[in-house]
Amino acid sequence: MNIIVCIKLVPSVMNLTMDQEYVMQRDRVVQVINPADEAALEAALRLKGNGSVTVITMGKPSGDDELRSLLARGVDRAVLITDKAFAGADTYATARTLSVAVNSLGNNLEDFDLILCGRRAIDGETGQVPPELAILLKLPFVTNITKINFNQGKIVCSRRLEEGIEELELGTPAILSLCEYSYPLRLATILGLQKARRMQIITLSREMLGLKKEECGLKGSPTRVRRITGQPQGIRNVTIAKNIDEGIARLSELIAEVPL
Amino acid sequence: MITSNDIWVIGDKQIKYDLALLSKAHSMAEVCAGKVFAVMLYETDPDYCIRAGADEVYLLQGLEKIADDAAIAHALASLLRENRPGTVLFQATVRGRAIAPAVAALLSTGLTADCIDLKMEESGLLLQKRPALGDSIIAEIVCDKLRPQMATVRPGVLEDPTFQEKRTGKVSIIPIEINALVTKTGFMPAQSSELLSEAKIIIAGGVGIGSREGFEYLREIALQIGGCVGASRAAVDAGYAPYTWQIGQTGIAVKPNLYIAVGISGAVHHLVGMNASDYIVAINRDAKAPILQYADYAIVGEWRHILEQWFLSYQERKVCI
Ligand SMILES: Cc1cc2nc3c(=O)[nH]c(=O)nc-3n(C[C@H](O)[C@H](O)[C@H](O)COP(=O)(O)OP(=O)(O)OC[C@H]3O[C@@H](n4cnc5c(N)ncnc54)[C@H](O)[C@@H]3O)c2cc1C
Ligand SMILES: Nc1ncnc2c1ncn2[C@@H]1O[C@H](COP(=O)(O)O)[C@@H](O)[C@H]1O
Chain F
1 MNIIVCIKLV
11 PSVMNLTMDQ
21 EYVMQRDRVV
31 QVINPADEAA
41 LEAALRLKGN
51 GSVTVITMGK
61 PSGDDELRSL
71 LARGVDRAVL
81 ITDKAFAGAD
91 TYATARTLSV
101 AVNSLGNNLE
111 DFDLILCGRR
121 AIDGETGQVP
131 PELAILLKLP
141 FVTNITKINF
151 NQGKIVCSRR
161 LEEGIEELEL
171 GTPAILSLCE
181 YSYPLRLATI
191 LGLQKARRMQ
201 IITLSREMLG
211 LKKEECGLKG
221 SPTRVRRITG
231 QPQGIRNVTI
241 AKNIDEGIAR
251 LSELIAEVPL
Chain U
1 MITSNDIWVI
11 GDKQIKYDLA
21 LLSKAHSMAE
31 VCAGKVFAVM
41 LYETDPDYCI
51 RAGADEVYLL
61 QGLEKIADDA
71 AIAHALASLL
81 RENRPGTVLF
91 QATVRGRAIA
101 PAVAALLSTG
111 LTADCIDLKM
121 EESGLLLQKR
131 PALGDSIIAE
141 IVCDKLRPQM
151 ATVRPGVLED
161 PTFQEKRTGK
171 VSIIPIEINA
181 LVTKTGFMPA
191 QSSELLSEAK
201 IIIAGGVGIG
211 SREGFEYLRE
221 IALQIGGCVG
231 ASRAAVDAGY
241 APYTWQIGQT
251 GIAVKPNLYI
261 AVGISGAVHH
271 LVGMNASDYI
281 VAINRDAKAP
291 ILQYADYAIV
301 GEWRHILEQW
311 FLSYQERKVC
321 I
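Protein chains in written order, with this note's numbering: chain F, 1 to 260; chain U, 1 to 321.
If we strip away everything but chain U, and leave its shape as in the complex, we get (with noise of 0.2 Å):
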């Protein structure tokens, strides 16, 4: 059985990403005549996955509690020896990015990493693009001459879904028997407040805080107005926040609706993790800071000072309402 230019989605746990990524994927085999895939790892509606662009939809079962990437692998790569799509697109999430791998290595083909857009030639052969060197570069890359052409996509940065309301399709449940390696023993749901990568809002601090103390008033102010709190590498290393709330290179990447960088330089290693942002706010003292050209709106003067007289301001406005 010769390859085809289908496209096959691997949904990760996070429907909102997934659907997006059907759309896309939709969109994309129009181009190169394709059917798509939606094949998905967890329990869910599969009249979703049809109406954002699914031709047919796996329900794989009985992998809810497996943790074992490795035994994933080994189950999607055995059905996609079987099917032989041409795409095959996977959540840049850590599990996305940990199974996608392994399949690939079973399958000996080529994977694209964290891939910020996709583009489907007429042939078939996908162009992926993806940043590089620290955002610095955006490198499009191919697998021309192996299938399937797969590739991990960096969540949230695909359009929003959209849904045909009288699409439909194929939808069949496959049982997947597993035996696991890895076994899980145990999780702590990260608390919400730590959940970065999904805030609206995020205010992060850099070394111009000073200290940890300053970092309990930037989660204060958080906390007031329904976001999160970030950190700079440099505040991280000199221990006024924990890792967790690292941004950038070497932390996480953060998309929110309005950022607020307080007291942050601007470092190239930074503002890859944050200049996805709708809105950026820059507070610093230094008008000559290179954040500032990397913000919507800046304002410029000691943080303390802005933020205090504004967290006065801001609470008297509540007590209006």
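So that you can see chain F by itself, here it is in the shape it has in the complex (with noise of 0.2 Å):
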């Protein structure tokens, strides 16, 4: 099975700073892979078989190192899509480059039984590129996957809802959305580290995608933001109690005030 993994590079700490126009500054800060990515990878690596395991990342162009780590867990093919052109995208124009960078890698996309994702980027927290992406390369989608099984050439997952788990079954190719730690990314090993070494990582610009100016980034995102305001970070007025048995008594009244 051929299966492309969409990674998202995100910042590990959570005081950013933005620019004026809101783009956020990712250059000081270190990266991490996103955690649902880790999951969506671990599942490929499981099921490619005598496949192929291709990652793709859109994002800045020092994304080399992360990457390297995946080639050594037994991805065959790592490409970085990075061009300053591509900063301040939205989910809608990162979903764009990323369905221009799927076709350019294979002649067609029948090249590819599957690309998975995570379900969330821990930064944005949309969770709107695999829909949107599945979109653009008209193919069938679920998000929200725990696990992902293969039955007579269909795809089997189960999807976590509110209400419940979902089974559900489709064909290939299709997009799959996968949650943070259904499948805990293996380790590196020192064979795979030696010979990730020695691979290429494949890089691609804007102009290699054939992609116009307005296309991308911020340029080619519908939504803008507007302001940004710190938020409250709700610190409220806390009443500590004087003895354990003051809390005790709080407690109950507390429990018995919350109607049924």
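Quick caveat, the hints were computed from the structure, so don't treat them as lab data.
Please note: incorrect hints may appear among the correct ones.
Keeping only pairs whose Cα atoms sit at most 25 Å apart, straight-line, the calculated BS3-like set for lysine-lysine is [said to hold, decoys possible]:
1) U:65 <-> F:138
2) F:212 <-> U:145
3) F:213 <-> F:138
4) F:84 <-> U:145
Each of the two chains sits in its own frame; use the hints to bring them together as a complex.
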């Protein structure tokens, strides 16, 4: 099975700064692999069989180390899509760039059986890229997956909804987005690390993808951040129980006040 | 046909939230002189929708068993292309957050995820507020060049719906033919004790609970008081509790009447999932733990001792009554 995994490198700290246009300043922060994408990658490595796993990421040029650490885990090919013009992309512009990149990788889509994504990235937290990518590539999709299997050439997967777990079936090719922790990512092996050092990371720019400036990044994004306000962090006026007995009595009162 | 200032609300199976969104849409439509359309993906009494604020109700038929979000999105997109409303709102449920981006991509327009507040300008421009970077900031987002402008709205953040008894509206039944590529073969409902997002009382444990057995104890208490158990990520990582209990940025967001945080330090990643709770109690042995600042009430001490004492008095009280 040939599988593409969309990986986003996300800042590992939450106190990021933004410039005047409200574009995240990613230069000075450590990047980590988005947790849900780790699950997508592990699922891909388990499912690939005799096929291949290609990782693609759109991000800043310094993603090299992180991508190499993925190659060391058994990824066959890593693609870094990077260009100044991609900065500030919203989910639609991101999905558009990724869709063009996916199309440029194979001669046609039939070369891939599956595209796996994370259910959402911890920085933007939208989860919108996978369905948008699916529509742009004209593929069926399922989000929020916790388990994937194959049965007689069909994908059989479990999807977590608020009210329970759905069992779903669909054919390939398709796009699936996985929940974090559903497949804990394996460690890199020493052999893998040695191999990864020699491997080439494919870099794609806007021009190589044949995208117009107006189609990507901030310019190609339908949505715009107009203002950012610091959230009052939810600090409350805490009352501390004088002693445990008082605390216990108050706790009982509070519970009794909640309507059934 | 040019775009109107009408607002479409796509109703997604949870009538309580759908009606709240309709009421919100109604008050926004008054600002920009538009009409409100309720597009219901499930069978429901259209009267409620009208009284909550809809001017027209579309009951889409034939979708009940459909699990193919892309196919549903195609059906919605063609309705939207015909009618061209200025605004389309979805619930930020798992399904809503799958269908909405597919619709947005089909219409080549923008979508804002998981909004916690919406404001309509007279011009018909929608200001969409959403938390970002772990709720540390609120971003105000607009989609100023394209229509429709679309948003998913976090369930439970809006005020309860207001009903106007005498409102009237038009109801149309629209049969939808779907050629589904994704089929549903089974469904396992979550146990009601697992429905954290609906719980009125949550007792959540952190690393301070120290063991799986400790979480069993929390669960026992939760059952007694009719609540649910939640957990911090560190407690889940430690194997004390299943991931389905995890509350916070990489778990679920909750908003109970009463949240009892036991042995949880109060990392921002956890706070974002629970600080909308009506009332927060922290039980922690460290009086300097950050969670205390985010709580309404705190009891400082060993959790086990506190809860065992409380449990005794609670049972006694029940016996007295
Ligand atoms: C990208 C990312 C995403 C994350 N997502 C989430 C998320 O979704 N949810 C989440 O919760 N976390 C999340 N985290 C982790 C988060 O940053 C914290 O590490 C975590 O919330 C800490 O859990 P804790 O409070 O249980 O543990 P600790 O920080 O170790 O706190 C334990 C607390 O228990 C108290 N305690 C210890 N023993 C006792 C006792 N006997 N009696 C009373 N009190 C006691 C201590 O005083 C302390 O305050 C995320 C982190 C990252 C980087
Ligand atoms: N810049 C990107 N490069 C590669 N994949 C991405 C990128 N942004 C988002 N994705 C994928 O889409 C998923 C959901 O991201 P988001 O919609 O931003 O929450 C991620 O978990 C990734 O799998």
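Here is what the structure says about each hint:
About 22 Å separates the Cα atoms of residue 65 (chain U) and residue 138 (chain F), which keeps this hinted pair within 25 Å; it holds. For a cut-off of 25 Å, the pair hint linking residue 212 (chain F) to residue 145 (chain U) stands: about 18 Å separates their Cα positions. Restraint check for residue 213 (chain F) and residue 138 (chain F): satisfied, since their Cα atoms lie roughly 24 Å apart, inside the 25 Å limit. Note on residue 84 (chain F) and residue 145 (chain U): the hinted pairing holds, with a Cα-Cα distance of about 23 Å set against a maximum of 25 Å.
In terms of the numbered hints stated before, the structure departs from none.
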